[in-house]
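Dock chains B, C and D with the ligands against chain A, hints included.
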Amino acid sequence: MADLSVNVCGIDFKNPIIPASGVFGYGHEYEEIFPLEKLGGIATKGTTLHRRTGNISPRIAETPSGMLNSVGLQNPGIDHFVEKELPYLLQKNVVILANIAGSTAEECAEVAQKLENTDVHMIELNISCPNVKHGGAAFGTRCDLAAEVTKQVRKATSKPLVVKLSPNVTDITEIARAVESEGADAVSLINTLLGMRININTGRPILHNNVGGLSGGAVFPIAVRMVWQVANAVNIPVIGMGGVSSGKDAIELMMAGASAVQVGAAIFTDPYAPVKIIDEMNDFLDSKNISSVREIIGAVKPW
Amino acid sequence: MADLSVNVCGIDFKNPIIPASGVFGYGHEYEEIFPLEKLGGIATKGTTLHRRTGNISPRIAETPSGMLNSVGLQNPGIDHFVEKELPYLLQKNVVILANIAGSTAEECAEVAQKLENTDVHMIELNISCPNVKHGGAAFGTRCDLAAEVTKQVRKATSKPLVVKLSPNVTDITEIARAVESEGADAVSLINTLLGMRININTGRPILHNNVGGLSGGAVFPIAVRMVWQVANAVNIPVIGMGGVSSGKDAIELMMAGASAVQVGAAIFTDPYAPVKIIDEMNDFLDSKNISSVREIIGAVKPW
Amino acid sequence: MKYKQGNFIIANKCAIAKEIYSFEILCPEIAEIACAGQFVHIRAEGFTLRRPISICGIDKNKGTLRIVFEVRGEGTEKISQLNKGDTIDMLAPLGHGFTINENFKKVILIGGGIGTPPMLPLAQIYGEKAVAISGFRNSGAVILQEDFRKTGAETVLCTDDGSAGIHGFVTQPFEELVKNGGIDAVYACGPMPMLKNISGICKDNNIFCEISLEERMACGIGACLGCACRTMRNDEEYFAHVCKDGPVFNAEEVIW
Amino acid sequence: MKYKQGNFIIANKCAIAKEIYSFEILCPEIAEIACAGQFVHIRAEGFTLRRPISICGIDKNKGTLRIVFEVRGEGTEKISQLNKGDTIDMLAPLGHGFTINENFKKVILIGGGIGTPPMLPLAQIYGEKAVAISGFRNSGAVILQEDFRKTGAETVLCTDDGSAGIHGFVTQPFEELVKNGGIDAVYACGPMPMLKNISGICKDNNIFCEISLEERMACGIGACLGCACRTMRNDEEYFAHVCKDGPVFNAEEVIW
Ligand SMILES: Cc1cc2nc3c(=O)[nH]c(=O)nc-3n(C[C@H](O)[C@H](O)[C@H](O)COP(=O)(O)OP(=O)(O)OC[C@H]3O[C@@H](n4cnc5c(N)ncnc54)[C@H](O)[C@@H]3O)c2cc1C
Ligand SMILES: Cc1cc2nc3c(=O)[nH]c(=O)nc-3n(C[C@H](O)[C@H](O)[C@H](O)COP(=O)(O)OP(=O)(O)OC[C@H]3O[C@@H](n4cnc5c(N)ncnc54)[C@H](O)[C@@H]3O)c2cc1C
Ligand SMILES: Cc1cc2nc3c(=O)[nH]c(=O)nc-3n(C[C@H](O)[C@H](O)[C@H](O)COP(=O)(O)O)c2cc1C
Ligand SMILES: Cc1cc2nc3c(=O)[nH]c(=O)nc-3n(C[C@H](O)[C@H](O)[C@H](O)COP(=O)(O)O)c2cc1C
Ligand code: FES
Ligand code: FES
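Residue numbers (the numbering used here), protein chains in the order written: chain A, 5 to 307; chain B, 5 to 307; chain C, 9 to 264; chain D, 9 to 264.
Pulled out of the complex, with its shape left as it was, chain A reads as follows:
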């Protein structure tokens, strides 16, 4: 048994595997399948200040080795989360990352503020949301906006702040440095890539929102590249994700520089995926006589 524990921004994880925000709800549904305690952490569904109904269906499309989603941040609002969901999750022996979002920096800060007096372990700020104040350009695609929202949320919270980066940018290291400089304690990446599918029989986009976020195995090589670039560009820890579906994938992302790994779409293919990945990581490390998973973080040797 290898030591799978990691520490990210001072928070101890018993293992590095975290179901990604949006695929795991608030945990109840998967609890039927495995005990939540097996996980390193849980990133909860993106939560906004007020309840949101999300986009019109269809919200899901299949793509080669991946999928598109356009759920559009459907959620019951932060008050519901704090009162009804968080207390239950905090009973479980697992790190909770509250994923939050908003349409303005102020809204994001207000959401973070509402978590300040809770025992949630970390805040994961999703900056892939379109910013209504700036004509809809996502916070995550402009350094100045990313810096601004990080700054405001930083002021509103003393919790470890993880900023979740969008891959739909020319240079993700610039954005990472911008949020680092405004006080982010860690970054997580990658969020989904913007994609589209069309039903050629009807001539309609499959998603009612026309476009949606691509995730799953298809994006894995992009995730590895971006994690590697960002890990080399900042001094704060990186939480990696994007297309991880096996223990080997998780190891690869950690070698690229991730201190912990989130698992998204893979859970739809196999609901046991997070647990299976933990076991497979252990098997790999044992087979190589590596005693702690921490040894492989950023261990890639570029040519």
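Quick caveat, the hints were computed from the structure, so don't treat them as lab data.
You may find that some hints are simply not true.
What the hints assert, rightly or not - Here are the simulated DMTMM-like pairs of lysine to aspartate or glutamate, each with C-alpha atoms no more than 20 angstroms apart in a straight line:
no.: 1; chain 1: C; residue 1: Lys26; chain 2: C; residue 2: Glu82
no.: 2; chain 1: D; residue 1: Lys252; chain 2: B; residue 2: Glu33
no.: 3; chain 1: A; residue 1: Lys252; chain 2: D; residue 2: Glu85
no.: 4; chain 1: D; residue 1: Lys12; chain 2: B; residue 2: Glu35
no.: 5; chain 1: C; residue 1: Lys12; chain 2: A; residue 2: Glu36
no.: 6; chain 1: C; residue 1: Lys252; chain 2: A; residue 2: Glu33
no.: 7; chain 1: C; residue 1: Lys86; chain 2: D; residue 2: Asp94
no.: 8; chain 1: A; residue 1: Lys96; chain 2: A; residue 2: Glu41
no.: 9; chain 1: C; residue 1: Lys12; chain 2: C; residue 2: Glu37
no.: 10; chain 1: C; residue 1: Lys12; chain 2: A; residue 2: Glu33
no.: 11; chain 1: D; residue 1: Lys252; chain 2: B; residue 2: Glu35
no.: 12; chain 1: D; residue 1: Lys10; chain 2: B; residue 2: Glu36
no.: 13; chain 1: C; residue 1: Lys10; chain 2: A; residue 2: Asp274
no.: 14; chain 1: C; residue 1: Lys12; chain 2: A; residue 2: Glu41
no.: 15; chain 1: B; residue 1: Lys42; chain 2: B; residue 2: Glu284
no.: 16; chain 1: A; residue 1: Lys42; chain 2: A; residue 2: Asp16
no.: 17; chain 1: A; residue 1: Lys42; chain 2: A; residue 2: Glu284
no.: 18; chain 1: A; residue 1: Lys252; chain 2: D; residue 2: Glu82
no.: 19; chain 1: C; residue 1: Lys21; chain 2: C; residue 2: Glu85
no.: 20; chain 1: A; residue 1: Lys18; chain 2: A; residue 2: Asp283
no.: 21; chain 1: D; residue 1: Lys12; chain 2: B; residue 2: Glu33
no.: 22; chain 1: C; residue 1: Lys252; chain 2: A; residue 2: Glu36
no.: 23; chain 1: C; residue 1: Lys12; chain 2: A; residue 2: Glu35
no.: 24; chain 1: B; residue 1: Lys155; chain 2: B; residue 2: Glu178
no.: 25; chain 1: C; residue 1: Lys10; chain 2: A; residue 2: Glu41
no.: 26; chain 1: D; residue 1: Lys114; chain 2: D; residue 2: Glu184
To be verified - Computed Cβ-Cβ distance ranges for the label pairs, DEER-style:
no.: 27; chain 1: D; residue 1: Asp67; chain 2: A; residue 2: Lys292; range: 34 to 44 angstroms
no.: 28; chain 1: A; residue 1: Ser291; chain 2: D; residue 2: Cys22; range: 26 to 36 angstroms
no.: 29; chain 1: B; residue 1: Glu36; chain 2: A; residue 2: Ser291; range: 42 to 52 angstroms
no.: 30; chain 1: D; residue 1: Lys12; chain 2: C; residue 2: Glu82; range: 24 to 34 angstroms
no.: 31; chain 1: A; residue 1: Ser291; chain 2: C; residue 2: Ser147; range: 52 to 62 angstroms
no.: 32; chain 1: C; residue 1: Trp264; chain 2: A; residue 2: Gly207; range: 15 to 25 angstroms
no.: 33; chain 1: C; residue 1: Tyr246; chain 2: B; residue 2: Met5; range: 45 to 55 angstroms
As the list claims (entries may be wrong) - Over 12 angstroms on every C-beta distance to chain B, these chain A residues come out as not near it, computed from the model:
no.: 34; residue: Asn11
no.: 35; residue: Ile15
no.: 36; residue: Lys18
no.: 37; residue: Glu35
no.: 38; residue: Leu94
no.: 39; residue: Thr108
no.: 40; residue: Glu186
Bear in mind the structure is a predicted one, so any value in this text is a computation, not a measurement.
Glycine included, each C-beta is placed from N, C-alpha and C at the ideal position.
Only chains B, C and D with the ligands this time, still in chain A's reference frame:
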């Protein structure tokens, strides 16, 4: 039999299918498998002013529903192309797109100039190359650089000029508009997305270049989205590519707005892919009683 | 809610019409708790997303479930290539099924095309109290009529082209039955226009009506919010989820 | 160059060691034109890239090719699941094979591990003129020794751990043979360090030496420039391509 012919920038293609630059060499190798005449066009291997040896191997890695390559523009130089390769290709009844590249705008213009007195049908300017003058930022990732190189090449050639765009950008429509305003006659997209894979047994990146370009089915939804966005942003034709492996995929990309479709990685899985795709497009159109493929260009009806 | 994921043996496979397959799957733990109207979520090798398929039969004694599905695309094609003796990866039983009421004296089951299979477990429950109206494109697409008859239910068959049974849509015989009155409940599954029509008729005639909806799904268990469906609950708009709140909804809840 | 792509029937399949399979494939048009040292490019269902595998036997009378491969990753795993009677999708025969010279009186064939199979067609050609030296990790990994003997070639077996044959690397018996002299040609395939070693010995002793190289491939036919290998030709550095200019190279050409 549906009418598969299309016209892009005044050039007639008997059908919209074009093997993409870099996967088809100068055609000889696939000629053993099918007559080149079956194709709508051929985009030749990216050619630079002088011979280049490319990157050190390994240059190829497999990824979920895709692949990475880091060939790095190995080519024999434009003079060789003009003297030894082009005359042969021009005997075939097929549109030739000479894919060119360079490290500076001047070099690109010089390469284009060398094609001016040939009978090549179109020039496809690949702007995904790192620009040595501007610290290695690819031409294709900055509007000003993209505009500059287009301007210079435009001056050097009277041939139809197709500018091939990089998907590794925050907003591909900005780049498309920049090259349109400098006189591009068409744009083609998408080139490869930057990705990475690591061999977890050795801790080394699989590619000796560390990172490489992702293509194949994995990128198809990104290609559909970008073709749709660009087709709606510019008034010049769009040549679409990225992960097309079936007639249905080609139809989907054309519905998104492509006037012709290039086929890259799919040819590695099935060397007959381009020919099979042409047949499948015909079958689909026939089954829907659509008499000309031109009817479906940009036919998607967004919600 | 209780569900399991596992690999289960296909005890029987047969093609019951062109591109339509029936699988009998040995899965005692699932059969034990499955209800009419629920579905199974099947993994198709090589695909990211599972495929939702309604339960068409539950045999708690034999410990089997039956599913009947049509090959519509690559995923169902892949699943159709599985053979007797192979294992099938299912996450099941999922969703909220039909409301069963022993006091109902006359129920109408309406299935359109590949929406017919989920009606069969209801026929097994209601037997002679049920009239099963099934509609298909043409005679070649007709399925399950013998199975319905075996339950004791009365069967009414319609085809769009008149090549078998009544020439026309299921709403025709249904409206006649409504005129005769005495219907306690209507259960339906099929294309949206059909469901909308039936819901309208039931509303007008004040008949309890449940319909089974389809939506593109990812998780299948209510975690990803992928399969939203606009409904009214307590006079408030509510984005329900077909996989958890459904697939069976009270027809009055649905916002069309 | 002539090659074809098609689906060919697997006439025979057997496991010849742990995770090592031998396929006999019925493909008369390909067998007709295939040469020792060439390879086939096999499609593995669900993967973008084909897998290159050397030709291990050519029977022009039966119209069959033989391949022997080890399960190394997911692609070869998938291919290994094919059975007798199934079809296999091959693009073949590819590449530049070994130089055969009827005047050679004594040739040495050196195979390391899964590099052994491409040596067998050479043994068939040279028969008693050949000494086939094969090296493996351990006795469990030993393959094809009986096949080599049947050709009339002399066989020398080495294992890294001494569990079969000579304890040590193939270079040991090879150097002894070199000392005895009279070698016209050396052909080798196996891990890079082994090939480098053998090439060095041949160079020092002025022996004609051809080696078969591996590189990650996409097209397999010289079109994509994916499988570059640094060589010297006419005193100039030349980025050759393993799939077209190779896989067999004159050892002196290769830049290590
Ligand atoms: C609750 C429920 C019960 C169902 N029961 C049955 C049944 O008993 N028999 C039967 O034949 N079919 C049933 N369907 C429809 C069946 O799920 C689809 O035909 C199937 O998913 C199509 O997959 P594909 O790979 O063949 O098609 P593709 O079009 O290649 O699938 C692409 C993606 O779209 C999804 N998709 C496509 N069509 C549908 C659809 N109609 N509903 C939901 N998702 C879809 C697929 O699941 C997949 O994610 C049911 C659907 C739902 C939601
Ligand atoms: C000319 C040539 C002849 C060969 N002959 C044989 C043979 O006769 N028997 C045999 O067992 N093996 C042979 N190999 C090696 C064989 O091609 C690889 O073991 C196989 O491609 C691994 O695929 P995989 O999916 O199992 O492994 P993975 O590691 O999952 O493959 C991932 C990718 O890397 C490539 N790759 C991995 N290892 C190699 C390698 N060593 N060489 C080239 N590409 C590789 C794969 O083709 C694939 O594209 C040969 C290779 C070459 C180039
Ligand atoms: C259905 C779905 C819903 C998602 N919702 C959110 C969300 O609310 N907030 C967020 O930050 N990311 C969200 N994501 C993105 C994932 O957390 C993750 O970044 C992405 O899917 C890449 O990982 P994967 O390839 O493993 O799925 C969602 C992804 C999916 C598939
Ligand atoms: C091996 C390889 C080499 C390539 N070389 C070039 C090139 O020289 N010039 C260029 O513009 N694009 C090149 N490309 C990009 C392709 O032309 C195409 O834009 C990309 O692969 C996406 O299409 P696909 O997904 O169908 O492969 C290359 C792609 C591959 C796979
Ligand atoms: S499919 Fe995930 S909530 Fe219904
Ligand atoms: S694999 Fe394409 S050139 Fe060798």
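Results of checking the hints against the structure:
no.: 1; hint: C:Lys26 to C:Glu82; verdict: 16 angstroms, holds
no.: 2; hint: D:Lys252 to B:Glu33; verdict: 10 angstroms, holds
no.: 3; hint: A:Lys252 to D:Glu85; verdict: 17 angstroms, holds
no.: 4; hint: D:Lys12 to B:Glu35; verdict: 11 angstroms, holds
no.: 5; hint: C:Lys12 to A:Glu36; verdict: 8 angstroms, holds
no.: 6; hint: C:Lys252 to A:Glu33; verdict: 10 angstroms, holds
no.: 7; hint: C:Lys86 to D:Asp94; verdict: 17 angstroms, holds
no.: 8; hint: A:Lys96 to A:Glu41; verdict: 6 angstroms, holds
no.: 9; hint: C:Lys12 to C:Glu37; verdict: 8 angstroms, holds
no.: 10; hint: C:Lys12 to A:Glu33; verdict: 11 angstroms, holds
no.: 11; hint: D:Lys252 to B:Glu35; verdict: 15 angstroms, holds
no.: 12; hint: D:Lys10 to B:Glu36; verdict: 6 angstroms, holds
no.: 13; hint: C:Lys10 to A:Asp274; verdict: 17 angstroms, holds
no.: 14; hint: C:Lys12 to A:Glu41; verdict: 18 angstroms, holds
no.: 15; hint: B:Lys42 to B:Glu284; verdict: 14 angstroms, holds
no.: 16; hint: A:Lys42 to A:Asp16; verdict: 14 angstroms, holds
no.: 17; hint: A:Lys42 to A:Glu284; verdict: 14 angstroms, holds
no.: 18; hint: A:Lys252 to D:Glu82; verdict: 13 angstroms, holds
no.: 19; hint: C:Lys21 to C:Glu85; verdict: 14 angstroms, holds
no.: 20; hint: A:Lys18 to A:Asp283; verdict: 13 angstroms, holds
no.: 21; hint: D:Lys12 to B:Glu33; verdict: 11 angstroms, holds
no.: 22; hint: C:Lys252 to A:Glu36; verdict: 13 angstroms, holds
no.: 23; hint: C:Lys12 to A:Glu35; verdict: 11 angstroms, holds
no.: 24; hint: B:Lys155 to B:Glu178; verdict: 16 angstroms, holds
no.: 25; hint: C:Lys10 to A:Glu41; verdict: 19 angstroms, holds
no.: 26; hint: D:Lys114 to D:Glu184; verdict: 14 angstroms, holds
no.: 27; hint: D:Asp67 to A:Lys292: 34 to 44 angstroms; verdict: 43 angstroms, holds
no.: 28; hint: A:Ser291 to D:Cys22: 26 to 36 angstroms; verdict: 29 angstroms, holds
no.: 29; hint: B:Glu36 to A:Ser291: 42 to 52 angstroms; verdict: 44 angstroms, holds
no.: 30; hint: D:Lys12 to C:Glu82: 24 to 34 angstroms; verdict: 28 angstroms, holds
no.: 31; hint: A:Ser291 to C:Ser147: 52 to 62 angstroms; verdict: 60 angstroms, holds
no.: 32; hint: C:Trp264 to A:Gly207: 15 to 25 angstroms; verdict: 22 angstroms, holds
no.: 33; hint: C:Tyr246 to B:Met5: 45 to 55 angstroms; verdict: 52 angstroms, holds
no.: 34; hint: Asn11; verdict: 22 angstroms, holds
no.: 35; hint: Ile15; verdict: 26 angstroms, holds
no.: 36; hint: Lys18; verdict: 22 angstroms, holds
no.: 37; hint: Glu35; verdict: 29 angstroms, holds
no.: 38; hint: Leu94; verdict: 35 angstroms, holds
no.: 39; hint: Thr108; verdict: 20 angstroms, holds
no.: 40; hint: Glu186; verdict: 20 angstroms, holds
Hint compliance for this structure: every hint is met.
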